[in-house]
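Chemist: Residues per chain are reported as follows:
Protein chains: 2
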Amino acid sequence: MPADSVPPEQKAQIANAVRAALATHGYARLTTKKVAAESEKSEAGLYYYYDSKDEMIVAFLETSEDYLARSLDEIDAEGPEERLRAVCDILIVDEDDAAAAGVNIAVMELLSHAPHNETLREPLLRMERHTLDVIADIVRDGVERGVFREVDPEGTAAFVLSATDGYTGFALALGMEGVGDDLRESLSAYIDSLLVE
Amino acid sequence: MPADSVPPEQKAQIANAVRAALATHGYARLTTKKVAAESEKSEAGLYYYYDSKDEMIVAFLETSEDYLARSLDEIDAEGPEERLRAVCDILIVDEDDAAAAGVNIAVMELLSHAPHNETLREPLLRMERHTLDVIADIVRDGVERGVFREVDPEGTAAFVLSATDGYTGFALALGMEGVGDDLRESLSAYIDSLLVE
DNA sequence: GTCGAGCGAGCGAACACTCACTCACCATGC
DNA sequence: GCATGGTGAGTGAGTGTTCGCTCGCTCGAC
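Residue numbers (this note's numbering), protein chains in the order written: chain A, 1 to 197; chain B, 1 to 197.
Keep in mind that the hints were calculated from the coordinates and are not lab data. Be careful, since some hints might not be right.
Which bits of chain B does chain A cover? Going by a derived footprint, with three or more residues having C-beta under 8 Å, they are [what the hints assert, rightly or not]: (1) 57 to 71; (2) 144 to 150; (3) 159 to 167; (4) 186 to 193.
A quick note: this is a predicted structure, and the numbers were derived from the prediction, not measured. Backbone N, C-alpha and C fix where the C-beta goes; we use that ideal spot for every residue, glycine too.
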């Protein structure tokens with residue numbers, strides 16, 4: 001079956017199984033058998049909807065992409081400063097939320113594997129690009145309104161996203177307690193430093 | 001053979017083969033056959049020195065750890081500000097240096113897989129912890145000397161390392177051109193903002 | 001003659017993926 | 001009301017291949 005004609009309900013169910021399996025085992029040890037175990041289907045049942053394991057992972061990525069985009073879209077904070085802080089709150093996962101941490105670490109692992117896997121690269125690129133744009137838009141808006149100093153929106157966005165992704169990549173993955181709180185405070189102080197006096 | 005009694009020359013050679021194979025194929029698709037192809041030994045020859053694939057990867061990590069620690073140690077810049085900038089220069093790898101980029105992305109992939117692999121966790125934790133300490137020491141020194149504002153050394157270190165690791169994790173892995181320069185400028189501006197007026 | 005260093009061949013297990021088949025469900029003809 | 005045949009949704013039992021790893025062996029140095 002072509003990947004784009006999988007019924008939404010089935011796509012959601014399989015993406016969710018991939019998510020659970022990834023969070024538990026990581027990408028390097030992900031197998032279709034483990035995905036099947038997390039779903040209500042057999043291994044062969046997964047192949048009824050998707051032609052390859054990679055396509056199932058892409059289904060998971062697209063679902064995550066939608067979820068993140070919706071989360072960023074639904075921020076109802078007012079003003080650039082509060083909006084930027086809200087974005088950071090979404091991007092810095094709580095280390096005590098094991099499920100969310102597992103998913104974010106898995107996405108990080110997929111990111112690291114992107115240079116070797118063309119299929120994964122595109123959805124990942126879209127996801128990061130979109131987040132980068134959302135942050136840059138907020139910063140640009142803040143500069144125009146005179147809330148933020150005259151900083152470069154793209155550069156600032158790259159800095160913020162690097163910091164939040166990096167936190168996931170090393171502190172969260174290694175279970176370094178306390179680093180999350182340290183980072184949150186420093187990031188908050190950084191946002192303070194963006195404000196005009 | 002116990003891993004800690006492998007002759008240094010052999011360890012260096014195998015670690016280098018792991019490095020090359022990781023940079024080319026990534027962790028998820030790393031096989032002992034590919035490591036052997038990058039070395040001057042057969043697959044069985046690798047097992048003469050190491051009891052498992054994971055031990056070979058640890059050998060690579062320990063070698064990287066030494067290399068990074070030595071690089072950080074050899075910084076001969078004067079004063080906290082210049083030293084901090086020098087550390088950032090080391091941690092943000094040039095996107096045009098394909099070999100260095102490949103290694104850093106591979107380490108990022110190993111980091112992401114650490115939650116599922118106890119053997120890899122320890123050397124990775126040591127490496128990140130050490131880098132964090134080096135940065136925190138520089139910041140602390142700067143604060144004491146009155147060069148930097150009264151910031152939290154640990155928090156600032158976590159922020160800087162997150163930003164540089166995150167850059168590797170998403171921009172470098174996805175081949176997002178220009179983001180490296182954007183980040184370098186924003187990070188430099190951030191260091192400016194740490195200085196006392 | 002012994003021993004460290006290393007290799008070719010191959011082991012069992014696990015992998016991604018396939019295939020022949022089942023079964024519930026429906027539309028049609030009588 | 002009921003037999004008939006087609007169809008979508010799924011599966012158990014495999015397929016060939018690749019994996020990490022082992023073993024019996026060779027060979028040169030002392």
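Chemist: Now tell me, hint by hint, if it's right for this structure.
Modeler: Status of each hint after checking the structure:
1. 57 to 71: Since three or more residues must qualify, the claim that chain A covers the region 57 to 71 of chain B is violated, with 0 doing so at under 8 Å.
2. 144 to 150: violated (count 0)
3. 159 to 167: holds (count 8)
4. 186 to 193: Three-residue rule met by the region 186 to 193 of chain B, so holds; n is 5.
In terms of the numbered hints stated before, the structure departs from hints 1, 2, listed from lowest to highest.
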